[in-house]
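Q: Chain by chain, the residues run as shown.
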Amino acid sequence: MTEYSVVGKPLPRVDGIAKLTGQAKYTTDIVLPNMVYGKLLRSPLPHAKIVSIDISKAEKLAGVEAVITGKDTWGIRYGFVDTPTYPAEERPLAEDKVRFVGEAVAAVAAVDPDIAEDALDLIEVEYDPLPAVFDPEEAMKDGAPQIHGEITRTTSCAWEDWGVARKSHSYTPINNVAGRVLISYGDIEKGFAEADHIREDRFWSPATSHMAMEPHTIVASYDPFTGRLEVWLNHMAYELKRYWLHKTLGIPIQKIRVHQTYIGGAFGGKAVIFDFEVLAGFISRKLGKPVKIELTREEVFSSCRNSIRFDTTLKTGVKKDGTIVAQHVKVIVDAGAYKGSAAVAMFLSHQFSEPCFNRRNVRHEGVGVYTNKNFGFAKRGHGAPQNRFAVDSQIDMICEDLGLDPVEVILKNLRKKGDILPNGDKLESYGLPKCVQLVADAIDWKQKRGKQRDKNRGVGIGINGMFSGSGYWPFACAAIVRLNHDGTITLMEGDCEFGQGADTTYSQIAAEELGLPLEDVNLISGDSELCPMNYSNFLSGGMFVGGGAVWYAAHDLRQKILKVGSELLKVKMEDLDLKNRTVFIKAKPEKSLTFGEILRYNVQKHLGDPLIGMGYKKAVPEIEFYPSLSKGTGRFTDAYGLAAATAEVEVDRETGRTKVLKICIADDCGYEINPASIYGQMVSQAVMGMGDALLEEVIDEGGRVINPNLVDYEIPRAFDVPEIVILNGCDYEPKGPFGGKEAGECARAAVIPAIANAIYDAVGVRVHRVPITPEKLLNALKVREGKK
Amino acid sequence: MRDFEYLPTKTVKEACALISQYKEEGKILAGGQSLITLLRQKLISPSYLIDIKGVTELDYLTFDEKKGLRMGALTTHRAIEKSPLIQSKYPVLSEMEKSVASVQTRNWGTIGGNLCSGDPIGDPAPSLIALNGKIKIVSSREEKIVPLAEFFTDYFTTILEPDEILTEIQLTPPVPHAGVVYMKFSTIEAGIKIVSTSTCIILESDKMTCRDARIVMSAVAPVPLIAKKAGELLIGKKINDDLIAEAAQLASGETNPTSDVHGSAEFRREIAKVLVRRAVKEAFEKAKRT
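These protein sequences, in sequence, are chains A and B. Letter by letter, the first sequence follows residues 2 to 789 of this note's numbering. Letter by letter, the second sequence follows residues 4 to 293 of this note's numbering.
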C-alpha cells in the first residue's frame, strides 16, 4: 500500500485556530454600515384566511424603515421540489391565507432589532379561522379541509432552467396529497407466497430539530447603483441559495455573491432557501441598505425545516433461516403545510435501504400529505433514520419469532461487493459485512445477547447505507489549484465549512497529491464569486464529489509540473516525483527543481502559462438530468457509504428510563482522509442517534410547537454521553479521492434501531414510536405486566 | 423584551428603599437566571429592574454549632455546591446543587433568586424545607423570619409583598440519627426534573423508630409539596420495606401534578411513588449510620 504523508493522518483542523480564538467569522459577526435589522411576524393560527393587515401603526414607529406583507411579495415562489409536475409552492410571506402556526405574515426592518420586534406588535392582522387538520390520515379523507387550492406556476421551474424540454404546470392537489412514490421490482406476491414467516408492523418517527448550534442568520446587502446583491448566510452549498435568490428576486445570478462565512452546524437543515432569506434580499433592495435577520431558537423550531414525520407499515416475508424474500413498505409522510422534501425522503428511505439487504421482491409505496403544521426537510440521513428504525426493529422481531440471531440474519441478507442494485448503482466498495462483524465483536454480542435480562441490560444492532452525493441537477463540483511563486498552492473550491471538516480534508487531498505539507495550501472556499461551481455538500457528496474535484484539480497541476520537470531535467515524467515544493528524479533525488523554478520557466517559455490545475466531478457521470424519484429508476450515486452500530443499554423497570452504556459504530467511508475528522463525525452521529432513539421530538398541540426551546426539547448533553467505540470498516472506493466516500450521515440511522433493539433485549418490550421516552417505555412495561 | 430602567444597588437599605418606592412596577434582579427568561418571553414587563447582585453584604455562609447555618440570599448555587462547610454539615445541599441547571447557571444564579422565583420545579426549596429551613424577609417597614414551608403560595407566587426582599436562609444545626437524601428523575442527566424529592428521616436512638420524617417533592404541585400524610405514617413506627412502600403510595396520592411535554400527570405520580420509596429507604439507611 502506498505510504501517504498528509492524507490518512489525524491532522488538526485548518480552521481550528480561527475558531478557538474567536477569529472565525460567522454571519452574526457581519456588521455593515447603515445596516438595518429584520424581524418576521408569524401566524398564531394553523389555518386561516387573512382578511386584512393594517401596518400603519408599525410604519409610524420611530426607527422603523420598512414593513412589508404578502401584497408586496405576491406570486414569489420557491421550493426544494420544483419540477414540471410539482412547481415550487413556498412563498416568503403568506398571501391570502396562512397554513401553519409560524408561517411568516409580515416583515419589519428597523434601525435596531428591538424596535423591529416592537413594531411587530403594532401590526394588526385580521384572520378568519378555517378548520385545520393535523393528522395525515384525516387529511386524506373526503371532506377534510383542503390546505391548498391551485398551486400556480408563476415562473419557469429548475428543470427548464437546466434545459429539460418540459414546462411546469399549475395543478390542484386532491385530498391534500402532496406527492407519491411507488417503487417496485421482483414479484411481491410470489415473494410472500414463498415466505415461511411473514410479519407486519407499524413504526413512527417524529419531526426532530437539526439542533445546529447557530440559529439561521443572513445579512443581505443590495447596491442600487450596481444592481448587485451580496449575502452572508447559513448554507450547505451556495449554488442552491444563489439560484433561488436570483429566481425569487429577479436579480441576474451573476450579480449575486454568496460570501464565505463559517457555519455553526447544518445537518441538512440549512440547505434550502427560507422565507427570511428571500425577505432580507427583498427589503435590502427596497431600502438600498444592508439587512440582517437572525432567527431565534423558537423560530428555528417552529418555522424552519425539521426532520420528516414518517409512519411506516412494514410487511416482510422470510424463509425459515431468516433469508428475506419480500418486503412491502408503506409510508405515510405527514408533510406539513408545504411539501418540502417529503417526496424525496419517501424515495430515499427506499434507496438508502438498497445497499443494505438483498430483499429480492420489493414494493415501496409512499404518500406525502399536507397538514396544518410546519413542514420538513432533510436531516442527516434524510429518510434513512426513519426507515432503519422500522426495518431493523422488525428484523429483530423476526429473529425473536424464529429463534434466530439478528447478527447472523443481517449478515445472511447483506448485499455483496460488486453487486449491481436494481436501479443500476454498483457496489464497488462494500465494507458493510466487516462493519457488522466489528460492532458485534466490540459489544461482546455472543456473550451478551439475550443473556442479561436479569440485570435489565441488553444489546442491539442496526445498519445503514447512504449516497456519496447523488446525480440530480446540477450535482457537480469544480476546483482550481493555482501554483504560487514560492511553490505553495492556492486551492479554490466552493464547499462551505459547516463543521464537517471540508476545509481541512480538501487541503489534505491537494497537499498529498502535490507532495506538499498541509501548511502550503492556501484555501479559498465557500465564496460563490471566487470559487467555481459547487453543489456537493449535501446528500453526503462533500468528500466524494467536492473532494474528488479537488483531487482531480491537484492531479491536473501535478501532471503539468511533471511535464515541465521532464522537459527541464530531461527524463520521463514517470521517473519524477514531487516533494516539499520540488520536482526530483526518483533515482537521483539530488537532481531537482523547485516549484518556483518550474513556474518561472513555464511562464517564460510557454506563453505565460502560470500552471493552474483544474478538476471537476459529478456524482454519477452517466446522468444528465434527474433520475426518477417517484419510480425509483435510474442511477443515483457512484458509491455508497455504509455503517453498522451496536448499543448496550440498561433499563430502570420502575421508571422506564433507559441508560445507554455503550455505543459502537463501524463505518465504511472508503478511506479515512482525516481519521480525527471521521472520529468526530461518528461520535456526533452516535450521540445524535441516541437523541433520536430516546429523547427528541418536536411536539405540537393544535399545530403549535409546545417545546420550541432547549429546556423543553431535550437532547443528550455531555453527562449523558456513554462509552463510544469507533471502528474502521473501510473498503477502498476506487472512484473516490484516495479511496474516500461518504462519512457524515450514514451511521446515525444505524444507532437508532441498535438502541431500540437493545431495549427490547433488556426488558422484552418494544415501543414502536421513537423517541422511546421513560413514560412510553413504562407504559409498555405495564401493558406487558397486565397481559401476564 | 420591553424597555425598563436598570437600577444597580450596593446595600440592602438602598434596595429596600427602591423597591418600596416602585413596588409592583419594580422587580428585584438577583442573578436573573429565571427573570431574564420571563422578561424575554414578555411574561413580565417591569418598568424598573433593581439589581441586587452587587449587594455583597448578602453573600455569606456562616455556621454556628448552636444556631446552625446562616446563608445570605445572594450566595450562588455554585458556592453552596462547593462549600466545604455545606459538604460537611449539610451534604444533601451540595448534592442537590450539583443538579441545579448547568454550571454556568449555578455560577451566576443565587439561592435567594431561585426561591423567590417560586418555580415548583426548583430543587433548592424542597431540600431546604426538608432541612426545616427558615427565611428572613426584610422591607423598609419590618424584618421577619418565617418557615420556608410557608413561603410558597402558588405557581411562581410567594408570600413576599411587593416591597419585601428575601435576605437570608437559616438552618438549624444537624441532629444525630438523621438521614437526608436528594433524588431526582429527569430524562437526561441535567434535564428538567420530572419529579425530585428531598427526604429527611430522623430516627430515635434505637435507630429503628422514626422520630421525624419530612418528604418534600418538586414538580408535582403548584408549590414544593410536603407529603404530610406519608410523613405522619412513618413517625413513631419502626421502619421497614412494607411501611416505606405504603408511605410512598401515600406520598404519590398527595401530589397534584399537571401534564406537560416532559411527562403526564399520571407518569409523575408513578415516578413520585418510586422516588419516594427509594429516597426514604436510602435516608433510613443513612440515618442508621449516623
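In case anyone wonders, no lab produced these hints; they're calculated from the structure. Treat each hint with caution, since some may be false.
Okay, derived cross-link-like pairs now, EDC-like style, lysine to aspartate or glutamate, Cα gap no bigger than 20 Å in a straight line [as the list claims (entries may be wrong)]:
{"#": "1", "chain 1": "A", "residue 1": "Lys98", "chain 2": "A", "residue 2": "Asp30"}
{"#": "2", "chain 1": "B", "residue 1": "Lys101", "chain 2": "A", "residue 2": "Asp55"}
{"#": "3", "chain 1": "B", "residue 1": "Lys45", "chain 2": "A", "residue 2": "Asp721"}
{"#": "4", "chain 1": "B", "residue 1": "Lys45", "chain 2": "A", "residue 2": "Asp197"}
{"#": "5", "chain 1": "A", "residue 1": "Lys61", "chain 2": "B", "residue 2": "Glu8"}
{"#": "6", "chain 1": "B", "residue 1": "Lys45", "chain 2": "B", "residue 2": "Glu8"}
{"#": "7", "chain 1": "B", "residue 1": "Lys45", "chain 2": "A", "residue 2": "Asp113"}
{"#": "8", "chain 1": "A", "residue 1": "Lys320", "chain 2": "A", "residue 2": "Asp119"}
Q: Hint by hint, work out which the structure violates, then give me just those numbers in ascending order.
A: 1, 2, 3, 4, 5 and 8
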